[in-house]
Amino acid sequence: MAQRSEQGFNRRLIAPLVLGSILNPINSSIIAVSLIPIGQALGEPPSRTALLVTALYVATAIGQPVVGRLVDTFGPRRLYLIGATLAGIGGLLGTVAPNLNVLIVARVILGLGTCAGYPSAMYLIRSEAERTGQDSPAGVLTVLAVAGQTVAVIGPTLGGLLIGLGGWRTTFAINILLALACLVVGVRRLPATVPVVARPVDQGRRLERVKGDVTGLVRNGPLMRTYVRNLLGYVVAYGYLYGYTQWLEDGRGLSPSIAGLILLPTFATAIGVSLLTGRRQAVRAKLIVAAGTQILGSALLLTTHANTAIFVLVLFALVAGIPQGLNNLANQTALYHQADPARMGASAGLLRTSTYLGAIIASIVTGALLGNTADSTGLHELNLFMLTAGALFLAITLADRSLTRVGK
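The working numbering puts the sequence shown at residues 214 to 621.
One thing to keep in mind: the hints can contain errors.
[To be verified] Taking CB as the label site, the calculated pair distances span:
hint, residue 1, residue 2, range
1, 221, 394, 18 to 28 Å
2, 585, 509, 29 to 39 Å
3, 481, 611, 22 to 32 Å
4, 253, 374, 14 to 24 Å
5, 555, 308, 14 to 24 Å
No lab work stands behind these hints: they were computed from the structure. Note that CB positions come from ideal geometry on N, CA and C, so glycine has one too.
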């Protein structure tokens with residue numbers, strides 16, 4: 214059965230787009246339940262194992278815009294395949310790592326390897342829209358967002374199950390299988406496209422093009438505000454993911470498997486919200502609700518203590534799923550409409566960079582406030598920080614009238 218027509222999106226691209234784009238979210242989230250077991254196995258405190266989080270995000274924050282620009286220049290296929298290969302190498306190194314320092318190197322390689330998936334996906338979505346003459350393929354953007362949200366939230370649950378089956382090293386080994394899957398579908402389905410902008414130019418013209426890229430991005434106020442909102446949203450999201458998960462294990466005394474299961478309702482809520490709202494192009498209302506529920510969730514976590522009932526913990530996870538289901542899709546849709554199509558790869562890379570900067574800030578603050586023991590006092594201090602970030606996110610969204618034009 215034919216998968217491609219001259220009028221419709223090439224659905225053969227969906228598998229490689231989804232697989233490539235989830236490599237980073239799964240490595241971002243699966244580590245949340247691995248930090249305590251890794252620390253116990255290697256004799257390292259939470260302040261040291263937090264470097265595993267920071268290492269991946271520093272690598273990706275730096276690498277994403279660079280790789281995104283390379284995707285714009287040379288096309289997505291070769292960058293996608295190189296990235297998948299690096300992800301497999303990072304997974305293998307982490308699986309056999311004898312100490313924390315080697316694990317940090319593995320996480321850096323994983324970070325660099327996962328840089329190509331999302332810019333490649335956004336590049337191909339935009340190029341397919343231009344080929345078919347249809348503007349924003351809302352259904353495809355929703356699939357991409359839901360996939361990322363699914364693995365980001367289900368990552369701790371998957372990680373807990375993998376640790377229960379084979380120890381924390383399995384959370385690195387899973388990258389070998391994912392990388393192989395990306396290589397297979399990438400080779401078979403990604404087009405060998407080379408954009409016109411890849412034609413050789415002299416050094417002077419290269420410098421002018423770089424200056425044009427930077428100037429164009431800085432002058433695009435709506436897009437810059439999208440990056441800031443995305444950063445603040447992920448400060449809260451990753452503060453919850455890392456701080457709450459470590460508290461469940463250390464402060465509440467639950468096993469990694471149970472901690473992962475308690476976060477499962479976050480996954481269910483996020484997916485449900487994304488599917489219900491995905492085809493609606495308007496983003497301002499989504500972002501307002503997302504910011505409001507992040508503030509509410511942070512306030513609710515201030516009530517936690519060492520004996521908080523399990524059903525209450527599950528309720529908190531349900532509330533946390535609402536902004537998870539709204540933020541990523543809304544900001545991604547805003548980017549699609551606000552970015553210069555000629556710079557879609559670089560712009561998408563910078564959106565992910567803002568995500569990683571938010572995660573870096575969250576991991577640094579989490580490590581500083583939780584210290585050597587993830588107790589309730591440290592979690593409450595982290596919640597106050599998250600609440601402040603959520604309030605800034607809401608204020609910027611309410612003040613940004615350009616959002617009312619997105620999708621119209």
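#### Entry: Structure versus earlier hints - violations, ascending order
Per hint list: single violation, 5.
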